[in-house]
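Engineer: Residue numbers (the numbering used here), protein chains in the order written: chain A, 1 to 137; chain B, 138 to 274.
Since the hints were made in silico from the structure, they are not lab data. Heads up, some of the hints might be wrong.
To be verified - Calculated from the model, a selection of chain B residues having no Cβ within reach of chain A, i.e. all distances over 10 angstroms:
no.	residue
1	Val162
2	Met198
3	Thr247
4	Leu268
As the list claims (entries may be wrong) - Taking lysine-lysine and the DSSO-like style, the derived pairs with C-alpha atoms no more than 30 angstroms apart in a straight line are:
no.	chain 1	residue 1	chain 2	residue 2
5	B	Lys171	B	Lys199
6	A	Lys125	A	Lys55
7	A	Lys83	B	Lys199
8	A	Lys128	A	Lys55
9	A	Lys55	A	Lys15
10	A	Lys55	A	Lys83
11	B	Lys199	B	Lys256
12	A	Lys119	A	Lys59
13	A	Lys71	A	Lys15
14	A	Lys71	B	Lys171
15	B	Lys265	A	Lys83
16	B	Lys256	A	Lys83
Every residue, glycine too, gets a C-beta built ideally from N, C-alpha and C.
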Amino acid sequence: MNSNEKLAIHELLYKSAYGYDSRTIEMLANCYAEEAVMTMCIADGELIGPFEGHKEIMKMMTGAMESQTDKRLHNISNVFFEKEGDEAATVLSSLTLTAVENGSIQLLTTGIYRDEVVKVGGSWKILKRHLDLDLPF
Amino acid sequence: MNQGERLAIHEVLYRAAHGYDSHNVDMLTECFTKDAVMTIRVSGGDLIGPYDGQEAVLNFMKRAMKRQTDKRLHQISNIFFESEGEEEAVALSSLTLMAAENGVCQLLSTGIYRDEVVKVNGRWKVSKRHLDIELPV
Chain A
1 MNSNEKLAIH
11 ELLYKSAYGY
21 DSRTIEMLAN
31 CYAEEAVMTM
41 CIADGELIGP
51 FEGHKEIMKM
61 MTGAMESQTD
71 KRLHNISNVF
81 FEKEGDEAAT
91 VLSSLTLTAV
101 ENGSIQLLTT
111 GIYRDEVVKV
121 GGSWKILKRH
131 LDLDLPF
Chain B
138 MNQGERLAIH
148 EVLYRAAHGY
158 DSHNVDMLTE
168 CFTKDAVMTI
178 RVSGGDLIGP
188 YDGQEAVLNF
198 MKRAMKRQTD
208 KRLHQISNIF
218 FESEGEEEAV
228 ALSSLTLMAA
238 ENGVCQLLST
248 GIYRDEVVKV
258 NGRWKVSKRH
268 LDIELPV
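The task is simple: from the sequences and hints, build the whole structure.
Structural biologist: This is the structure in structure tokens:
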């Protein structure tokens, strides 16, 4: 996989974070494939999900946004590839989640994303996302 | 050094961080050459190490892992190159170290890595690592 493709996948992860934090639903929605699946695990607890399909994932995310009154930042870092291909790849990245509210900033949690991404119509999209969070968000 | 090589070195630094945080000793081991050397300095104090050789470096890390009951995230950022070559390079990067335990996520320390990396059979590995860390962890 060449470096342009890798950087395009980095940007997909950053857009998905920014889309959530800025509540730009269209940007967030564009990051996921139609048949995307998402799961989560908090502090090595039980599996949450799977949320199956684009519609269900977006419903879960917009529901979470509505319950959050703070201003969040999903800081994505340490992006590296477990598998690389021309049309599909698996990428791991670290999450540092902070929130601002009432004049103070808090480190809410850290976590690791494992994303299976695929190329759809020339753009990379998330097909399968698993998030291991160290604390509830 | 082309963009692909630079990204490959970024990924080695991220893999070393993830290998440690996930206690994935195989992934961590793959990041260091057989003759790797590591030193640390905490808060500008005395030099800790050198840990000479991959086994000594890994043993030092495994002992540290065992002492730590929290869930750590070594967030690596601000990567830049002090020297660049086809087969060797020197990379500096920033560390933000966080830990989650008992429902709280904390910022533990910051630091700077200086890594000498070499290409071994087509893969970049760390041959000399020095960490200047601001606080004991």
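Engineer: Please go over all the hints and tell whether each is borne out by the structure.
Structural biologist: Hints versus structure:
The non-interface label for B:Val162 is consistent with chain A: the shortest C-beta to C-beta separation is roughly 17 angstroms, beyond 10 angstroms. Its beta-carbon lying about 17 angstroms from the closest one in chain A, B:Met198 satisfies the requirement of being farther than 10 angstroms from that chain. Once the 10 angstroms rule is applied to beta carbons, B:Thr247 is consistent with being away from chain A; the minimum gap is 13 angstroms. Every C-beta of chain A lies more than 10 angstroms from that of B:Leu268, the closest at about 16 angstroms, which supports listing it as non-interface.
Proximity of B:Lys171 to B:Lys199 is assessed by CA-CA distance (about 16 angstroms); at most 30 angstroms being required, the pair is judged to hold. Between the alpha carbons of A:Lys125 and A:Lys55 the distance comes to roughly 15 angstroms, so the proposed pair stays at or under 30 angstroms and holds. Distance hint between A:Lys83 and B:Lys199 is fulfilled; the C-alpha atoms sit about 27 angstroms from each other, no more than 30 angstroms. Between A:Lys128 and A:Lys55 the CA atoms are separated by roughly 14 angstroms; this keeps the pair inside 30 angstroms, and the hint holds.
Between A:Lys55 and A:Lys15, the direct Cα distance comes to roughly 18 angstroms. Compliance with the 30 angstroms bound is thereby established for this hinted pair. For the hint linking A:Lys55 to A:Lys83, the alpha-carbon distance of about 27 angstroms falls within 30 angstroms, and the restraint holds. For the hint linking B:Lys199 to B:Lys256, the alpha-carbon distance of about 25 angstroms falls within 30 angstroms, and the restraint holds. Between A:Lys119 and A:Lys59, the direct Cα distance comes to roughly 23 angstroms. Compliance with the 30 angstroms bound is thereby established for this hinted pair.
Pair hint A:Lys71 plus A:Lys15 holds up; C-alpha atoms about 17 angstroms apart against a cutoff of 30 angstroms. Proposed proximity of A:Lys71 and B:Lys171 is contradicted: the alpha carbons are some 46 angstroms apart, above 30 angstroms. The hinted pair formed by B:Lys265 and A:Lys83 meets the criterion: a straight-line CA distance of about 27 angstroms does not exceed 30 angstroms. Note on B:Lys256 and A:Lys83: the hinted pairing holds, with a Cα-Cα distance of about 20 angstroms set against a maximum of 30 angstroms.
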